[in-house]
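Engineer: Chains V and S, in that order, are what the protein sequence lines are.
The working numbering applies: residue 1334 is where the first sequence begins, and numbers increase by one.
The working numbering applies: residue 59 is where the second sequence begins, and numbers increase by one.
Treat the hints with care, as some may be off.
Said to hold, decoys possible - Here are the simulated distance ranges between beta carbons:
# : chain 1 : residue 1 : chain 2 : residue 2 : range
1 : V       : ASN1398   : S       : TYR79     : 32 to 42 Å
2 : S       : ILE142    : V       : ARG1354   : 44 to 54 Å
3 : V       : LYS1365   : S       : SER133    : 17 to 27 Å
4 : V       : PRO1392   : S       : ASN94     : 45 to 55 Å
Everything labelled a hint here was simulated from the structure, so no lab data went into it.
No residue lacks a Cβ here, since even glycine has one placed at the ideal position from N, Cα and C.
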Amino acid sequence: MPRSIKKGPYIDEKLITKIKRVAKSGKKEVIKTWARNSTIPPDFVGHTIAVHNGKKFIPVFITENLVGHKLGEFAPSKIFHRHGGKKAEKITMVK
Amino acid sequence: MARIAGVDLPKNKSIEIALTYIFGIGRTSSLHILSNTNIDPGRKVKGLDEKEVDSIRKEIENNYIVEGTLRVEISNNIKRLIEIGSFRGIRHKKGLPVRGQRTRTNARTRKGPKKGSIALKKKAKAKT
Chain V
1334 MPRSIKKGPY IDEKLITKIK RVAKSGKKEV IKTWARNSTI PPDFVGHTIA
1384 VHNGKKFIPV FITENLVGHK LGEFAPSKIF HRHGGKKAEK ITMVK
Chain S
59 MARIAGVDLP KNKSIEIALT YIFGIGRTSS LHILSNTNID PGRKVKGLDE
109 KEVDSIRKEI ENNYIVEGTL RVEISNNIKR LIEIGSFRGI RHKKGLPVRG
159 QRTRTNARTR KGPKKGSIAL KKKAKAKT
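Let the hints inform the model, and build the full structure from the sequences given.
Structural biologist: This is the structure:
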């Protein structure tokens, strides 16, 4: 269920201040963040944000298409390596 | 024969049901269309005259996205999700459930029929 419209989108406040600071300085800087649940507002476009996936930071370049999505959507926290079992072992042995 | 949005409507069904044969129109929008065009939902398709069919056709053309255009829109939405590399796009690409359902069991609608290994089949046979 989406968030109530009355409240507006949730955007991490610290991230906003950081983005503003970077935008003012005019330097291209990667901002590290843990705020995976933060929505991407239009003023983030053009910045690169390193989103934590639980282990490391995944750099996400914000384009216009990403506006309205959440940061965590672009930093997968689970990686699938094929299933185990005898069959898979055989394949790895051949390799 | 009533033909709307490229779909032949079944003659012997009531118009409320017949309209749902069009992709993108269900019972709710069907009733909306009929109340907007002042046609009784219970009437059979074969009982409608050309004028009434035309008014329905116009109503659908102006206010609803149906059939091909709707299909294109849906596939474009999915394509967009895949292109931006979002979690939902990845799930679409892998053919797994998109909205956080469990995949340890079930999820057969998305995953398709079971592709069990031979060992599993043997086990099942031994049981019976």
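Engineer: For every hint, state whether the structure bears it out.
Structural biologist: Now the hints, each set against the structure:
no.: 1; hint: V/ASN1398 x S/TYR79: 32 to 42 Å; result: 36 Å, holds
no.: 2; hint: S/ILE142 x V/ARG1354: 44 to 54 Å; result: 26 Å, violated
no.: 3; hint: V/LYS1365 x S/SER133: 17 to 27 Å; result: 36 Å, violated
no.: 4; hint: V/PRO1392 x S/ASN94: 45 to 55 Å; result: 51 Å, holds
When each numbered hint is compared with the structure, violations occur for hints 2 and 3.
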